[in-house]
Structures are given as C-alpha cells and as structure tokens.
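Starting from two chains that each stand alone, build the complex the way the hints lay out.
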Amino acid sequence: MTKSEFRALFPSLRPGLAYLDSAAKTLTPAPVLAAMSRYYRECDSNVERGLHRSSQAAALRLAEARERVAALVHGAPEEIVFVRNATEAIGLVAAGIAWKPGDRILTTLAEHHSNYLPWVRLSQERGVSLSVLRVSPEGGVDPADVRASLASGGARLLAFSHVSNALGTVQPAAEIAAIARQAGCLTLVDGAQSVPHFPTDVNQLGCDFLAWSGHKMFGPTGTGALWGRRELLEELRPLHVGGGATKDVDRMTFSVYRTPPYHALEVGTPDIGGLIGFGEAAQFLAEILGEGILPRRCHELIGRTAAALRQIPGVTVAGPVGDERRSGVISFWVDGLSPHAAAAALDEQYGVLLRSGHHCALPLMKETLGRPEGTVRASFSFYSTEEDAMRLTEGVRALAGEAREIL
Amino acid sequence: MKAPVTVSGNAVTYLLTTLCNHGEYGDYQAFPASPLALDLIAVGRRLKAAGAGSVRTNGQRLAFEWSGVAVTLFSAGRIVLEHVVPDQQAAAAEILKAVLESPGAEI
Numbered sequence: 142m143t144k145s146e147f148r149a150l151f152p153s154l155r156p157g158l159a160y161l162d163s164a165a166k167t168l169t170p171a172p173v174l175a176a177m178s179r180y181y182r183e184c185d186s187n188v189e190r191g192l193h194r195s196s197q198a199a200a201l202r203l204a205e206a207r208e209r210v211a212a213l214v215h216g217a218p219e220e221i222v223f224v225r226n227a228t229e230a231i232g233l234v235a236a237g238i239a240w241k242p243g244d245r246i247l248t249t250l251a252e253h254h255s256n257y258l259p260w261v262r263l264s265q266e267r268g269v270s271l272s273v274l275r276v277s278p279e280g281g282v283d284p285a286d287v288r289a290s291l292a293s294g295g296a297r298l299l300a301f302s303h304v305s306n307a308l309g310t311v312q313p314a315a316e317i318a319a320i321a322r323q324a325g326c327l328t329l330v331d332g333a334q335s336v337p338h339f340p341t342d343v344n345q346l347g348c349d350f351l352a353w354s355g356h357k358m359f360g361p362t363g364t365g366a367l368w369g370r371r372e373l374l375e376e377l378r379p380l381h382v383g384g385g386a387t388k389d390v391d392r393m394t395f396s397v398y399r400t401p402p403y404h405a406l407e408v409g410t411p412d413i414g415g416l417i418g419f420g421e422a423a424q425f426l427a428e429i430l431g432e433g434i435l436p437r438r439c440h441e442l443i444g445r446t447a448a449a450l451r452q453i454p455g456v457t458v459a460g461p462v463g464d465e466r467r468s469g470v471i472s473f474w475v476d477g478l479s480p481h482a483a484a485a486a487l488d489e490q491y492g493v494l495l496r497s498g499h500h501c502a503l504p505l506m507k508e509t510l511g512r513p514e515g516t517v518r519a520s521f522s523f524y525s526t527e528e529d530a531m532r533l534t535e536g537v538r539a540l541a542g543e544a545r546e547i548l
Numbered sequence: 004m005k006a007p008v009t010v011s012g013n014a015v016t017y018l019l020t021t022l023c024n025h026g027e028y029g030d031y032q033a034f035p036a037s038p039l040a041l042d043l044i045a046v047g048r049r050l051k052a053a054g055a056g057s058v059r060t061n062g063q064r065l066a067f068e069w070s071g072v073a074v075t076l077f078s079a080g081r082i083v084l085e086h087v088v089p090d091q092q093a094a095a096a097e098i099l100k101a102v103l104e105s106p107g108a109e110i
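These protein sequences, in sequence, are chains H and U.
Just so we're aligned: 242 in the working numbering is position 101 of the first sequence, and the numbers increase by one with no gaps anywhere.
Just so we're aligned: 54 in the working numbering is position 51 of the second sequence, and the numbers increase by one with no gaps anywhere.
Because the hints were derived from the structure by calculation, they are not lab data.
Keep in mind the model is a prediction, meaning the values are calculated, not measured.
Glycine included, each C-beta is placed from N, C-alpha and C at the ideal position.
Check each hint, because a few of them may be wrong.
Quick list of the computed label-pair ranges, beta carbon to beta carbon [said to hold, decoys possible]:
1. U:G54 x H:G455: 29 to 35 Å
2. H:T143 x U:Q63: 31 to 37 Å
3. H:P152 x U:Q91: 35 to 41 Å
4. H:E508 x U:P89: 21 to 27 Å
5. U:P7 x H:E266: 39 to 45 Å
6. U:S57 x H:E465: 55 to 61 Å
Isolated chain U (complex conformation) (with noise of 0.2 Å):
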C-alpha cells in the first residue's frame, strides 16, 4: 500500500510491502517514490533524544528501537520495520509516519 508521510516539511510518497513473517508481529519494507538524503547520524542523535532506544549507525545504516518495533533505516530512505503488532498494514504505516515525521528526522 502507499503511504504518504512528510519529511522535513516535504511530502513523500512510501510504498510499504509486507515481507516474509510468523505468529503475531509483522515485518514490512517501506520504500520512497523518490530517494531521500538523510544524514542518519544527525536523524539518529534526534530521534535518541525523541525516545529511540538502541540506537546504532555505519553511516549508511541506522537501526534503532522504537515502541518495540526494530527499525532499519537507510540513508535514502528505505526502512525496514520489525516486530510490528498488530500484524497490519495500517500498524507498519503508523510506525513509519511516527519514525519519519519525528522532530528528528530531517532531509
């Protein structure tokens, strides 16, 4: 499904895609219209501060924990989302829009 989130003040269109998953949580890709150029050190230092927990950076890779979904966000936008509950579409939507549109992450 689409999801369409902001970014900085910018409009973004994700198409999230529900991948390989068992028993109660699920485990989803979103994936940008566009690629972005998220400076993930600065988006990581902000969403710590926003409440992230664990979180870790290559520079071209940040995973964190947010309300017990394990998250991998890439540097053009990608995210992969893991351990999602409900097991829903709309669930992994709002973890992206909640990751995506904190104070944090900024283009």
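If we strip away everything but chain H, and leave its shape as in the complex, we get (with noise of 0.2 Å):
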C-alpha cells in the first residue's frame, strides 16, 4: 500500500495541517469506524450471559476482537484482558497482585506517570519498597543496572517502559526481561508507545505483563488491553466486582469464574463497540507492521526529521542521537520561548498539531532533563508526510529565528 492509499483510509486528515500527536492518539481509519459502526447498526445488544440471536452475534465479534487484539502480540486470547487503556491495565496488576511488606519493585526514572505514581502509591500505603533506576541523557536504561540492583535485593516486580513516551527511547526490553527472569523477579512492560510502532512477541519479549492501548495504534479511546500469562491473570484480584463475572451470589458471599482470567477481571458491560473498534485495529495494524514498509518509512521520516531539528539554531533535541534508539517522538525545545507558548505558536501559525509540557513524566523531566516545564513533543506515525515533517522544521526554524519588537 503507498502512503497516499493509506492515507486516504483516514478521513479525518486534513490538508494544510501536520497532525504530530500520533503518540497522545493516533487518528482512527476508516475499517475500524466502519466496524464500530456495524456493531451498532447489526447486533446492537450486550454481550455475555444474553442467549438471543443478536447478543451472541455482539457476543461472537467482540470474541473475534480479542483474538485478533492477542494475535497482535501473539498471545492466546485467554492471555488478554481488555481495559480502557494502558493506564487501567497496569492499574489492574498494581491492585491486583497480593503485595506484602517487605516486597520491592523496581522501576525506572523514564516511566510515564500511569506506570509509575501505581508502584510510588504502593510503597507509601502497603509498606511495599520501591527502587528507581536512573536512565541516561537519552533516556536509555543501562541493563547493568538491573542486574546490580536485583542482585543487590531481589525485586517481586520490575515495571518498565518498552519506549519512552517523552524521548522515543527505546530500551532494551527483552534483554531486560531477561535479566528479571533469571533473578526470579515478574516484569511488566508498558507497551503504549512500542506496540503501535514495531512487531510486538510476547514470547520474545519474555515479559509476563504488557500493558497498551487502543486508542494509540489505530483504535477507538477507551480501549486498551493487559496481556498477561495465565496463571499470573488468574491469581489477580478483580479490581472491581459485579455483574458479568459472578458464578454464584447468596446474601453473604459470593463466588466468580477464574477461567479464562478474563472473566473476573473484565466486571460490568464493556465498551462492546469501542472494543470491536480495537479488534479491527488491531488486525490492521498487523497487516501494515506484516508488510513493513509504512513503519520502515516513518522510523526513516522520523530521523531525517531530528537531524533537520538539530542544525537549527536555538533549537535542542532531547533523546537518544542514533536513530536505531528513536521509536515515534521528536522532543525538543527552542530558546527563550516556553514549550506551551511554541507549541500554540506552532499550530496557530504553522499549522503543525502537536503537545507540550512533561507529557505525564515528571521524574524524567525534572531529573533528566532538567526542565520540569518540558519539552515540544511531536510525535509521527504511518500516514505522517514528508510534508509534515517539513511544516514542522520550517515552524521551528522561523521560531527559533524570529525578531520580536519590543513595544
């Protein structure tokens, strides 16, 4: 498929506009409206429990979606849990392990919020010990420093990002699995930002958690899914109880079904359309990652485009320099203005659609960077143009280069 072709699947790109937030969401195509829509317009009913034509007609498709969401990963579908987002599935292993004092985890200072205020919650409420793991400059974490620091104590959880969603480093991940599995320490992976962007194996990744969400690799919002092994899933504690995974109520007491896992860990109806949506996306973003071509582009694209940003003057790329480092994000900044006000200036007079600020990763931020006020962030993905990129250098390029007259 060309890039036009594809970009044609997409109707709400607009010409004149450079959308460069793919990493905050992805723009929807038009094969998972149309699923979504056909839900809607063809078994409209809930799922589960619902024995009439319509509802198992729901009950088959949303059936279908997890296949392909677990397929994506290559997980069973018994492995997948589907959530909101990358946030509630973390959230879900965070609550949902029986964590006792004494128990240490271990995570990094790259982490967005949603994979790290979980594991800061829980050592101040359940007397759980927890350890952060510097990064370099770039971003990157150091898988000797893993193995020092479970070496020097052992961890019950290492919890990590796969890409950085402020710098677009990409870790070592399965290496660092690794080194967690030989040091009998459980991993999870939060996989928001590397799963829309390159073929994802659970099994060569060697994690035992993946966390991600829909609404960054093509799906609707309010989808997101948990891979976890088996056994694992079914020794969480359902972050809520209720309708849908309950086996037997009687005034006191109550039991649910465990098997699959996901039945006790998905409570109350879904967003059935939302999560059909996903499933769609999910098959579609195989079939581009399949072919390869699309992701080759944009991780080239992505590249010329931060070499371009740095032979501006007055302009810093922060993140990893090698583009073998680099999944999907440009941050940067430009002196004497303040990422918001370059960001608004940005799209207000260039056009170019993009986020500002610590984009939920303050330790990083404020630590690494050393700029608790952030960054410019423009993030690509499959549809972003040469054109785009090119709005984008020659915004910051007449920011940077701009005279102001002093009134």
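Right, dumping it as structure tokens:
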C-alpha cells in the first residue's frame, strides 16, 4: 500500500495541517470506524449471558476482537484482558497482586506517570519498597543497572516502558526482561508506545505482563489490553466485582469465574463497539507491520526530521541521537520560548498539531533533563509525510530565528 | 471550563483548558469559540500603557507579563497563561478577563 492509499483511509486528515500528536492518539481509519458502526447497526446488543441471536452475534464479534488483539502480540485470547487504556491495565496489576510488606518493586525514571504512580502509591500505602533506576541523558535504561539492582536484594516486580513516551527512547526490553526472569522477578512492560510502531511478540519479549492502549494504535479511545501469563492473571485480585463475572451469590457470599481469567477481570458491560473497533485496529496494524514498508519509512522520516531540527540554531533535540534507539517521538525545545508558547505558535501560525509540557513524565523531565516545564513533542505515525516534517522544521526554524519587536 | 469575557464591547466565550504544569503554579490555554481579529501591535501598546511588562510581538503573537503571569496572545484570540498562582481555573479566568477586558484589548 502506498502512503497516499494509506492516508486515504483516514477521514480526519486535513490538508494544510500536520498532525504530529500520534503518541497521544492516532487517527482512526475507516475500517475501524466501519466495524464500530456495523456493531451498532447490525447487532446492537449486550454480550455475555444473553442467549438471543443479536446478543450472540455481538458476542461473536467481541470474541473475534479478542483473538485479533491477542494475535497482534502473539499471545492467546485467554491471556488478554480488555481494559480502557494502558493506565487501567497497569492499575489492574498494581491493585491485583497480593503485596506483602517488604516486597520490592523496581521501575525507572523514564516512565509515564501511569507506570510510575501506582508503584509510588504502593510504597506509600502497603509497605512495599520502591527502587527507581536512573536513565541516561538520552533516556536509556542500562541493563547492567537492572542486574546490579536485582542482585542487591531481589524484587517482586520490574515495571518499565519499552519506548519512552517523552523522548522516544527504545529500551532493550527483552534483555531487561531476561535479567529479571533470571532473578526470579516478574516484569510488566508498558507497551503503549511500542506496540503501535513495531512488531511485538510477548514470547520473545519474555515479559509477564504487557499493557497497551487501543487509541494509540488506530483504535478508538476507551480501549486497551493487558496481556498476561495465564497463571498470573488467574491470581490477580479483580479491581471490581459485580455483573458478568459472578458464578454464584448468596446473601453474604459470592464466587466468581476465574477461567478464562478475563471473566473475573472484565466486570460490567464493556465498550462493546469500541472493543470491536480495537480488534479491527489490531488486524489493521498487524497487516501494516507485517508488510513493513510504511513503518520503515516512518522510522526513517523521524530520523531525518530529528537531524534537521538539530541543525537549527537555538533548538535542542532531546532523546537518543542514533535512529535505531528512537521510535515515534521527537522532543525538543526552542531557546527563549516556553514549550506551551512554542506549541501554540506552531499550531496557530504554521498548522502543526503537537503537544507540549512534561508529557506525564515529570521525574524524567525534572531529574534527567532538568526541565520541569517539559518540551515540545512531535510524534509520528505511518500516515505522517515529508510535508508534515517540513512544516514542522520550517515552523521551528521560523520561531527560533524570529525577531520580536519590543513595544 | 467556559469563561465569558467582553472584548471591545462584544461578548466572547472562551474555553479554558489546564495544560501540563507542576509545582505551585498552573499553565492554561484559553481558546475563543470563534476567532477574533486582534491588532496585536495596537493591543500591545495599550496593554503596556495599562501596566503590562516585557511586551514583545512578531505581529502574529504578542508576549508580555501581567501580574506575574507570562501571557502569549495570538491575533485570532488564543491565549496561553503560564505561571498562574494559585493553580486554579478560576484564577486563570480572572487573568483572562483582566487582560482582554483592559482598556487596551480591542478587536
């Protein structure tokens, strides 16, 4: 598929605007919109426990969505728990493990708040100790640091992101997970920024949990998944109890279905249409990743754009210098302009839509970059073009070099 | 939250959004429901006369300081407010009104 053909699948793309905020939310392609609409038009019913034909039709589409989402990461359908987003997936693990005082959790300074605050809260409320691994100025986790930290006292869980949402740094996730496994430590990988950009195989990754969001991989908002090893999912204490998961209830007791694991962990009516769209997005993404051309071109475009921004006087590009360690995201700042003012100007004056601030990564911004005010973040996807990149670089060049009349 | 203001005698509805921030102060953006057409040089001169500090413009964007808040105002009416204390939308809305309803801010 050519880039033009691919872009034609996205009805929200607008001429004259460069959408560079895909790390926050990817645009939604027509096949996903159609799948969601078809659910509401053809089998607009609730799933599970309903035996009428419309309910069964909806349940079948939801089951197929689960299969597609599982297949995207080379997992099994019963290893998938549908959630609203990666934040909820991680929260499910944080709240579901039976922690004991003295348990130790390991995480890194490069994390999104959603993979940081749950562990901080556990350390504050449950007597769990938390160790935070430093990262390099480029945002990289050193596997040697992981090994040393585990050797100094072991840990129950290591939680880290495969790709930094703030800097685009790709971590050596399989190597880190292997070190953790050797030390008897479970791993949770935040795949929110990795799953959308390159093939992910949970078996090769070697992790125990993988969390990611549907809305960052061409799916609708309100969807996401937690993949987990089945025996671990069966042991998680459900976040909620209520309809859908219950086997029997007496006046003061109840029991829940624990197999497949998602029965107990997905409670209440889900966003059925959204999850069906998520499944369609998973298949859509799997085909693009399998073909490989558009992802490769996107990656090359990001590398060229980062290099072009680095050439502009007064502009600093954060994150990895080498293209092989960067995915999806370019964070930068312009001397003399706050990130919010720069981002507003890029939108208002140059039609470049991107994000500014600390990107929910304040420890990274404060301690690694020394910039609590954050950065401007341009994030690309497979529909991003040379024109988008040029609009960005020319806009940044103009901002960096502009003269401002003092009144 | 919505924040109604009066600009040059005209009622304008702004949408006030909280931006990424940290610490004791807040950063906000306010976006008008319909684009305005502000003469930023004229606005800048009048706001300076009304007490704004460090007033600078490139014609499309006006930057200045107002009561300790760093303000960036665009000709279509978008406004970014940084370092608002206290970090509350109501405080940001007050700054918004003070800037846009000052004698200098006319469409």
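Okay, the hints, checked on the actual structure:
no. : hint                       : result
1   : U:G54 x H:G455: 29 to 35 Å : holds (30 Å)
2   : H:T143 x U:Q63: 31 to 37 Å : holds (36 Å)
3   : H:P152 x U:Q91: 35 to 41 Å : holds (38 Å)
4   : H:E508 x U:P89: 21 to 27 Å : holds (26 Å)
5   : U:P7 x H:E266: 39 to 45 Å  : holds (42 Å)
6   : U:S57 x H:E465: 55 to 61 Å : violated (43 Å)
In summary, the structure is inconsistent with hint 6 from the numbered list given earlier, while agreeing with all the others.
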